[in-house]
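Student: Each chain, letter by letter, is given below.
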Amino acid sequence: MTDLLTIGNTQLHNRLLTGTGKFYNHKLMKEALTQSGSQVVTVALRRVDLNATGEENILEDIPKDMILLPNTSGARTADEAVRIARLARAAGMGNWIKIEVISDQKYLLPDNYETVKATDILANEGFIVLPYMSPDLMAAKAMQNAGAAAIMPLGSPIGSNRGIRTKELIQILIEEMELPIIVDAGIGKPSEAAEAMEMGAAAVLVNTAIATAKDPVEMAIAFDLAVKAGRKAYSSGVGPTTTTAQASSPLTGFLG
Amino acid sequence: MSFYDEYVKVKHYPFDDFFSTITTQDVRRVLQKERLHTEDFLILLSPAAENCLEEMAQKAHQRTVQHFGRTIQLYAPLYLTDYCVNKCTYCSFSIDNDFPRRKLTLAEIEEESKALVKMGLRHIILLTGESRLHSSVDYLCETIDVMKKYFSSLSIEIQPLDTEEYQTLVAHGIDGLTVYQEVYNEEIYKQHHLKGPKRNYRYRLDAPERGAKAGMRSVNIGALLGMDEWRKEVFFTGLHAHYLQRNYLETDIALSFPRIRPNLGGFQPKVDVSDKNLVQAMLASRLFLPRAGMTLSTRESAELRRHLLPLGVTKMSAASSTVVGGYANKEHTHSQFEISDKRSVAEVKESLRELGYQPVVKDWEILTHSS
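Chains as they are written, first to last, in the numbering used here: chain A, 9 to 264; chain G, 373 to 743.
FYI, nobody ran anything at the bench for these hints, they're computed from the structure. Keep in mind that the hints are not guaranteed to be accurate.
Quick list of the computed label-pair ranges, beta carbon to beta carbon [to be verified]: (1) A:S243 / G:N423: 53 to 63 Å; (2) A:E68 / G:T396: 30 to 40 Å; (3) A:E226 / G:Q434: 16 to 26 Å; (4) G:V382 / A:E183: 33 to 43 Å; (5) A:N59 / G:A674: 26 to 36 Å; (6) G:D647 / A:D11: 38 to 48 Å; (7) G:K381 / A:P71: 48 to 58 Å; (8) G:E559 / A:R173: 41 to 51 Å; (9) G:E559 / A:E68: 55 to 65 Å; (10) G:E406 / A:E68: 36 to 46 Å; (11) G:D647 / A:Y121: 42 to 52 Å.
As the structure is a prediction and not an experimental result, all values here were calculated from the model. From the three backbone atoms N, C-alpha and C, an ideal C-beta is built for every residue, glycine too.
With the hints as extra help, turn the sequences into a complete structure.
Tutor: Following this line, the structure appears as structure tokens:
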């Protein structure tokens with residue numbers, strides 16, 4: 009049985025989403041993206057120079073079979089996110105958009121209020137909208153109502169590599185939301201990607217941990233394997249964990 | 373609310389007494405911490421911390437790669453005019469330096485823009501002397517209208533303006549503001565800024581805050597190292613950045629560490645800031661402010677820039693001309709200060725790649741309401 013992830017009308021067989029930031033050269037980025045098996049890659053529109061050719065144009069070094077997920081990095085308001093999204097579509101980057109509205113340059117935490125507004129506008133314009141957000145059930149529901157195609161809660165702040173610190177809140181989203189939950193940001197190690205998948209996340213997005221690894225290509229492969237392992241564990245039913253050992257002398261044994 | 377209130381609280385702090393109590397142990401303890409407080413920052417600026425520069429460098433490098441990746445943003449300065457109404461002891465543009473002043477016409481700005489685009493640059497900082505007559509907001513708006521079809525990001529380093537004036541420039545497409553306080557020590561500031569509006573210490577000190585209020589995406593501050601004891605000056609700069617980060621979450625705050633360069637007036641710095649001192653200043657600031665941008669200018673030599681790069685730098689200028697009209701026309705020669713790194717853009721990019729860094733020429737898209 010094939011285990012497919014549906015976003016919008018697209019079916020994906022790979023549950024690792026990747027990014028293009030922070031690599032120290034494009035050649036290495038291309039190789040890491042290819043080896044990761046990932047089918048969706050996010051790229052900041054602000055970094056795309058459509059007039060440039062060769063090495064200066066990041067799009068030329070993204071494997072052609074990947075789905076582009078342009079992001080609105082740099083947007084501080086819904087209005088800026090909307091304009092960046094339109095520029096991306098006009099530039100021929102497809103109709104998927106990851107909304108990033110960040111008005112805090114210190115921790116880079118997303119602004120859920122503005123993100124809901126941008127989701128509403130862009131979904132109405134026919135975009136496949138994937139909002140990046142702080143894990144909050146009510147905000148996620150508002151984004152779903154506004155037409156989001158998936159929800160991307162953060163595991164911990166962007167680039168922090170601190171792992172899934174928002175675990176309880178993400179677990180609630182996984183339980184309560186119908187949309188796919190894609191854990192984005194904060195995943196520093198393959199084991200943490202596996203952890204997110206075991207929790208029932210539909211996918212994870214990993215960029216910094218791959219791009220800044222000593223060997224980004226090998227790290228991309230490690231993440232691919234971890235995501236697959238975590239997904240398989242989830243599908244096959246991870247056993248419940250307990251904090252105490254099972255009692256060896258049952259208290260109700262006398263009942264026979 | 374102003375950073376001045378915070379400056380006043382610390383300006384008479386007994387720095388030397390504090391430094392004399394700091395040991396290598398204190399520095400190592402700070403290096404174990406996840407988040408640094410003001411006092412930790414001062415410990416990293418102490419003479420005792422000179423024994424721990426390698427440990428500081430390793431940690432600063434790691435923090436920088438984590439937050440910014442192995443990428444360096446490249447930009448170029450464009451000098452629009454060298455008319456200036458201030459009399460400052462250390463600057464070639466000072467009003468009493470007698471040389472033929474220039475102001476680029478819009479046609480010349482177009483020529484300079486084409487030359488810069490040809491060099492492969494997309495982020496430009498516009499510089500002027502400080503003259504409200506020659507570098508007026510209207511002139512800057514006309515300049516922006518010419519330039520925004522060529523570039524992805526335009527910022528300014530000009531005379532300080534009022535909040536409303538900054539707002540006008542932001543609405544036109546300016547996204548970044550650089551204002552160096554030059555020297556935070558208020559008494560020394562008065563000794564070097566002899567005439568003109570620049571004598572107003574407070575108006576300049578509050579300019580970064582006015583820029584942030586006006587919606588500038590990034591604000592770059594700095595002290596001209598060599599004007600006073602560098603440990604104190606770097607401490608005040610870091611506090612200023614911290615103040616701005618705390619109060620203006622939306623704004624990207626960046627720091628520069630310009631050292632005084634030879635110039636037309638033959639000014640001698642009060643304090644000699646060695647390479648080692650510069651390194652310590654950068655490392656302490658990076659560890660105190662892990663998310664702040666850090667700009668390295670062509671004031672430093674190519675060789676030194678190579679070594680400084682991994683210590684926390686996120687942006688650097690390439691192929692800079694500090695001469696008005698210097699890109700399209702090489703015969704203009706009078707510069708604000710002498711640059712040390714005279715390599716071409718291609719050479720700078722190649723050397724970045726050799727060091728394992730990706731040169732980034734475009735990292736924004738001008739979003740004015742007309743776009």
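Student: All the hints need checking, so say for each whether the structure fits it.
Tutor: Status of each hint after checking the structure:
As the Cβ distance of S243 of chain A to N423 of chain G is approximately 55 Å, the hint placing it in 53 to 63 Å holds. Separation of E68 of chain A from T396 of chain G is about 50 Å and departs from the stated range, judged on CB atoms against 30 to 40 Å. A C-beta distance of roughly 20 Å is found between E226 of chain A and Q434 of chain G, which places it inside the suggested range of 16 to 26 Å. Range check, V382 of chain G to E183 of chain A: about 51 Å between beta-carbon atoms, so the 33 to 43 Å window is missed.
At roughly 29 Å, the beta-carbon separation of N59 of chain A and A674 of chain G lies within the given 26 to 36 Å, and the hint holds. As the Cβ distance of D647 of chain G to D11 of chain A is approximately 57 Å, the hint placing it in 38 to 48 Å is violated. Here the CB-CB span from K381 of chain G to P71 of chain A is close to 56 Å, well matched to the stated 48 to 58 Å. Judged by the Cβ atoms, the range 41 to 51 Å given for E559 of chain G and R173 of chain A holds: they are separated by roughly 47 Å.
About 56 Å separates the C-beta atoms of E559 of chain G and E68 of chain A, a value consistent with the hinted range of 55 to 65 Å. The beta-carbon spacing between E406 of chain G and E68 of chain A, approximately 40 Å, falls within the hinted interval of 36 to 46 Å. For the hinted restraint 42 to 52 Å between D647 of chain G and Y121 of chain A, the CB-CB distance of approximately 48 Å keeps it satisfied.
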